[in-house]
Amino acid sequence: MIAVVAITAVTLGALGLGAYGVRFARTTSDLFVASRTVTPWFNAAAISGEYLSAASFLGIAGLEMKLGASALWLPVGFTAGYLALLLFVAAPLRRLGSYTIPDFAEARLGGRPVRLATAVLVLAIGGLYLVPQLKGAGLTVREVTGAPYWVGIVVVGLVVALNVASGGMRGITYVQAYQYWVKTFAIVLPACILLIVLGGLPERAALFGRELPAAPEGGARIELAQPARVTFPRAATVTVDGVAVHGQAGETVTLPAGDLFVPEGTTMPVAEGVRAQEGREWSRPVASGGGTASPLFVYSLLVATFLGTMGLPHILARFYTNPDGVAARQTTVRVLGLLGIFYLFPAVYGLLGRVLVPELYLTGETDSVVLRLPEAAWPGLGGELLGALVAAGAVAAFMSTASGLLVSIAGTSAYDVWPGRSVRGRVNRFRVAAVAGMAAPAALAFVARGLDISVLVGWAFALAASTFCPLLLLGIWWTRLTLAGAAAGMVAGAAAATGAIVVGLASDPDGASFAEGPVDALLAQPAAVSVPLAFAVMVAVSLRTRRPREMQAAMLALHLPDGLGPSALR
Amino acid sequence: MSRPRPPRTPRDELAEATPHGVLYLRRLRHAQLTLSVLAVVAFGGMLGALPLALYLLPGLADVRPLGVPLPVWLVAVPPFPIFVCFGIAYERRARGLERSFREIVGGDDDLGA
Numbered sequence: 163m164i165a166v167v168a169i170t171a172v173t174l175g176a177l178g179l180g181a182y183g184v185r186f187a188r189t190t191s192d193l194f195v196a197s198r199t200v201t202p203w204f205n206a207a208a209i210s211g212e213y214l215s216a217a218s219f220l221g222i223a224g225l226e227m228k229l230g231a232s233a234l235w236l237p238v239g240f241t242a243g244y245l246a247l248l249l250f251v252a253a254p255l256r257r258l259g260s261y262t263i264p265d266f267a268e269a270r271l272g273g274r275p276v277r278l279a280t281a282v283l284v285l286a287i288g289g290l291y292l293v294p295q296l297k298g299a300g301l302t303v304r305e306v307t308g309a310p311y312w313v314g315i316v317v318v319g320l321v322v323a324l325n326v327a328s329g330g331m332r333g334i335t336y337v338q339a340y341q342y343w344v345k346t347f348a349i350v351l352p353a354c355i356l357l358i359v360l361g362g363l364p365e366r367a368a369l370f371g372r373e374l375p376a377a378p379e380g381g382a383r384i385e386l387a388q389p390a391r392v393t394f395p396r397a398a399t400v401t402v403d404g405v406a407v408h409g410q411a412g413e414t415v416t417l418p419a420g421d422l423f424v425p426e427g428t429t430m431p432v433a434e435g436v437r438a439q440e441g442r443e444w445s446r447p448v449a450s451g452g453g454t455a456s457p458l459f460v461y462s463l464l465v466a467t468f469l470g471t472m473g474l475p476h477i478l479a480r481f482y483t484n485p486d487g488v489a490a491r492q493t494t495v496r497v498l499g500l501l502g503i504f505y506l507f508p509a510v511y512g513l514l515g516r517v518l519v520p521e522l523y524l525t526g527e528t529d530s531v532v533l534r535l536p537e538a539a540w541p542g543l544g545g546e547l548l549g550a551l552v553a554a555g556a557v558a559a560f561m562s563t564a565s566g567l568l569v570s571i572a573g574t575s576a577y578d579v580w581p582g583r584s585v586r587g588r589v590n591r592f593r594v595a596a597v598a599g600m601a602a603p604a605a606l607a608f609v610a611r612g613l614d615i616s617v618l619v620g621w622a623f624a625l626a627a628s629t630f631c632p633l634l635l636l637g638i639w640w641t642r643l644t645l646a647g648a649a650a651g652m653v654a655g656a657a658a659a660t661g662a663i664v665v666g667l668a669s670d671p672d673g674a675s676f677a678e679g680p681v682d683a684l685l686a687q688p689a690a691v692s693v694p695l696a697f698a699v700m701v702a703v704s705l706r707t708r709r710p711r712e713m714q715a716a717m718l719a720l721h722l723p724d725g726l727g728p729s730a731l732r
Numbered sequence: 013m014s015r016p017r018p019p020r021t022p023r024d025e026l027a028e029a030t031p032h033g034v035l036y037l038r039r040l041r042h043a044q045l046t047l048s049v050l051a052v053v054a055f056g057g058m059l060g061a062l063p064l065a066l067y068l069l070p071g072l073a074d075v076r077p078l079g080v081p082l083p084v085w086l087v088a089v090p091p092f093p094i095f096v097c098f099g100i101a102y103e104r105r106a107r108g109l110e111r112s113f114r115e116i117v118g119g120d121d122d123l124g125a
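So the sequences go chain by chain: E and L. Quick note on this note's numbering: the first sequence kicks off at 163 and runs consecutively. Quick note on this note's numbering: the second sequence kicks off at 13 and runs consecutively.
Same shape as in the complex, but just chain L (with noise of 0.2 Å):
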């Protein structure tokens, strides 16, 4: 025996896919890409901003809710549950871009989307 699920899908299998499926591929491709190069970009925005803001309003630390300097409960807590919720907006757009693809090429001759 030999090397157990050969990684690469086989030639002749993929000699049969059609060059429509392989163009809806890659738009999905593409769409998978763009969403997750825009979900860095927020997130991006969002987590970058941070140390800027903390950086040109020194002031912050003055303000102590609970007796704690404002600047280290903005670092030590609201960035976990952001981080949640980006993981599950982006985790459902992907699933959606990979259920319309499905649509698109499981059903038969339907593929004027």
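For reference, chain E alone in the conformation it holds in the complex (with noise of 0.2 Å):
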């Protein structure tokens, strides 16, 4: 119950600050680029607002808790995609004055055709990201509150979806920045109180030494609502509706749907698919041996985000909003502290989840870890209201990352597909385009309810890192980038991704043996391989094809320091 009311207020808040900023958002400007007048701090608020999505929220402390401190080296990853963008997208994307990616495409490298191209891929990413969104909200919502998971992805879909086709980018930037601190007090305040009501981290041997997580003090209680598969790591009973259930070490057996009992200190069985490790293994964040954990693993993961980062499409947008070059870097710069407060903290949810709520194992739900730890671990009034807390900052993230994906698909639709003759066309189509771009990743993440869809993520960050990337990079900083290589780059780098992960899906339907081998590893993460496949591409169809002309001008525009015009190169 008071989760439903901190939900409700912080929708209600994120309203308010919508209504708020629609009486600033009357011209295209407005809408597309909050009239560039976002001051560093608050632009970096909001971007780390925007950032901040489910998978961060809740996810890390998900994948932490079932995989094991590999999953730690993710918000490192997520981090140093922003350095990569300061050091070679931020300023010069923001100086040449574009309003969407498409825009840059197209003053770069010229051509209707390259527009839309471009534009599509925008659309195509933004939407493959928004599906997973909602259907998070949803799940969340239903978990939190019981309600049917429809009402999660009608209540953000709506919210998200006015509050973008009312204040555009100027209200939403105010919603996004007051989203991002209230992620980072639902997740920084229960952490820090839990460590000291507990005082410190309980039971160390199954986080770092010999053990595999047991049920705790009074045994575990689980609610099957349906037959589950599990494996038990060490011969153990458990009882189903009081009936026993005995299972041998390594033994993969099927629990009736009823009531489910782990008396306290059995180890807890873990649900098929699911590797049951012991402290010392699962607290290395690299090791050798396969899954996630492997040098190489790692090292590809590293890459993809830092590379892949500067692909996001709603990312980049939000970048045209600084007032000039040198305001995007300051932006930046802040947006690395702010994304550094907020990640230090999933981590610790993950080593108390995998002590406090190991009957997650058992279910396979641990992305619901962040969700479920304060009441597990604090029963009574005071873990509610932290309960209540992370659920309403889960809902924030949810929110704020949708109405960044939102505003960059409205933008892109009624700017680059659909261009309006006239302001008040322009300002009506996106506001058209807004409302469509919710409806139909609404309608598919209702549909996709049973499908694991976590693979979209993947797929579009991994379709960003080898299409976007490249084409930034040389955009920006090499003049010999022709139309041609550019194209048969982006072709190529979407093509490998694309085909990397349709490979790994049908290898391996149910992703229960990921990231296993090498081989693996790079189907998981197709951008190691697929974003310099992109680049080589790009590079060596350019030199064949005749240098471009006229690079200055679009060179002038991306380098010259802010201020002086051309005119003061007299």
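Just so you know, these hints were derived from the structure itself, not from any lab. Misleading hints may appear alongside valid ones.
[Claimed, not checked] Beyond 12 Å from chain L on every Cβ pair, some chain E residues (computed): (1) Ala-253; (2) Val-407; (3) Leu-458; (4) Thr-494; (5) Gly-512; (6) Val-609.
[As the list claims (entries may be wrong)] To give an idea of the chain L side of the interface with chain E (calculated C-beta under 10 Å), a few residues: (7) Leu-40; (8) Val-80; (9) Val-89; (10) Ile-100; (11) Tyr-102; (12) Glu-103.
[What the hints assert, rightly or not] To spell it out: a stretch of chain L is covered by chain E in this simulated footprint if at least three of its residues, at any positions, have a beta carbon under 8 Å from a beta carbon of chain E; those stretches are: (13) 52–63; (14) 67–76.
Each residue gets a CB set at the ideal place from its N, CA and C atoms; glycine is no exception.
Quick one: dock chain against chain with the hints and give me the complex.
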């Protein structure tokens, strides 16, 4: 009940701020780029608010619990991506003065087909990202309040579509900055309070020693709505509706639906496909042997996130809102700090969750560890209040990322694909595109309820990394890049990334043997291969085509320091 | 009304740019790129060495400040302040490069740098 109040409060706050922002959103420039007047601190909070999606708020702790400390490389890579953005993209891209990525592509390479092709790619990446956000919202609201699955999708979808359609980029900037602080508060405060209440990390043997996670004091009670396939890492006996079920070490058993009880101290059976690890193994960020801790996997993850972030269209769109190139750099430095504060804390939930809610290993729902932990760690009103806080933070995470994606989708639709003739026409089309751009992914999220769509995010990320990243880097810094080269490179990158993911899915449809060998690692993280490939093709084809003319104009616009018009060079 | 503010600099304005100015701009661009690449190499060396070091020194797991193994600490905490330090240092240098460019271009005939 408290959770419903907290979620409602955060949602109303977002709506209120969105309504406040509407008063400032009149012109095209307001809607698309907030009139380029957002100051660095404000913009940094908005960028961080947009970036910290459910994958960061819930996913990192969940993966850490499931796979081990190797998941801690994720936040490192996610933040490193902004360093790449700062070093190579932030200031020049802002100076060019474009509104969208397709705008950049046309300005740099010339030709309307290029604009349309990149616009389609922006829409595809945005859509692929939006579906999991909405699905996460549906699942979270159901988990916390017991409401049906569609409630979360409809609530988040409506609020976001309303805010974006009415306030555009201008309104959304306020909302996202607010949501950054909601999320940070919601992850930092419970983590600190729980550590104080528990007096540090409890029961270290399962965390760092030679123990497997076991049922906590008083045993674990789990309601199985349907029969569950579980593996017993050690021989153990559990009961379902009072009937004993015995499992040998290493045996996989189907538990019937009913009330499952795992007695205190019993090694927790794990959902089929989850690997039971001793604390020592679990707590290694890098280790020999396969799995996500293998050095190859860690490096390919770091490379993918380092290069991939700069290709995300909704992140780039926010950089256009800076007043000038210097402000764009200052914003990015602040983003590094704000993300760093947030990313210190998900690890705490993974560590505590392994000891306090080990039943998530059995159900396989480790992604909900952040939501479940407060009440399990601190039964009573205190835990319930903290639980409500993290639930509100999770909803803020879905909303802010979804808003950013929708602004980028609506901006690209109404500016590049279907441009209006007049100011009024553009504004109206932006609003129509915002509503339509939400309706389609919401419908998809509703249909895709039973599917594991986490692969969509991986695909979108790999696609962005293997197309926009080389386009931006070479387009900004290399005068020899030609239209043909850019097109060939982007096609090659997109094809390689998509192909690897399709092959990965086909060879391993359940994701059960997730990244066991080096080949699986690359199929799951194709960016480490597809990005260099895209670069190579772009360079090779560009060198074989005729040197582009008139590069000086674009280079001047990209690199001339702020405040100096071209006339300053006279 | 057509599209707002075309991103391309008008060609006639560009034509007035002297070969000198264009040369200085190219020099600035190369200096910026060198700075960025240097930063990436330094940063990549530091962060890239971390997984390798943890891989080659499994004994670090037995060192446990506050009860948590050192490798977990090393991945979870220090990268973030290091990112910020790199960011601040880079931002200063990049702004400095632009300032000196502005001085060269802005100071009428005083181009003898």
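According to a criterion of three or more residues whose C-beta lies within less than 8 Å of a C-beta of chain E, is the region 67–76 of chain L covered? holds (count 4)
Does the nearest C-beta of chain E fall within a distance shorter than 10 Å of the C-beta of Leu-40 of chain L? Leu-40 of chain L check passes; min Cβ-Cβ to chain E is 6 Å, inside 10 Å.
Against chain L, does Gly-512 of chain E keep a CB gap of more than 12 Å to every residue? Check fails; 10 Å does not lie beyond 12 Å.
Min Cβ distance, Ile-100 of chain L to chain E: is it shorter than 10 Å? Holds. Min distance 6 Å.
Find the nearest Cβ of chain L to the Cβ of Leu-458 of chain E and say whether that gap is larger than 12 Å. Non-interface label fails for Leu-458 of chain E: nearest chain L Cβ at 10 Å, not farther than 12 Å.
Claimed clearance of chain L by Thr-494 of chain E, with the beta carbon kept past 12 Å: violated (7 Å)
Does the no-contact call for Ala-253 of chain E survive, Cβ to all of chain L over 12 Å? Answer for Ala-253 of chain E: violated, closest chain L Cβ roughly 7 Å.
With 10 Å as the cut and Cβ atoms as the points, is Glu-103 of chain L at the interface with chain E? Because about 5 Å separates Glu-103 of chain L from the closest Cβ in chain E, which is inside the 10 Å limit, the hint holds.
Hey, does the Tyr-102 of chain L contact hint survive, CB to chain E under 10 Å? holds (6 Å)
Non-interface claim for Val-609 of chain E, where every Cβ of chain L lies beyond 12 Å: Label holds. Min Cβ-Cβ 37 Å, cutoff 12 Å.
How does the region 52–63 of chain L fare against chain E when you require at least three residues with a CB closer than 8 Å, holds or violated? Holds: 5 residues of the region 52–63 of chain L have a Cβ under 8 Å from chain E.
With a cut-off of 10 Å on the beta carbons, see whether Val-89 of chain L makes it to chain E. holds (6 Å)
In the structure shown, a violation is registered for the earlier hints numbered 1, 3, 4 and 5, in ascending order.
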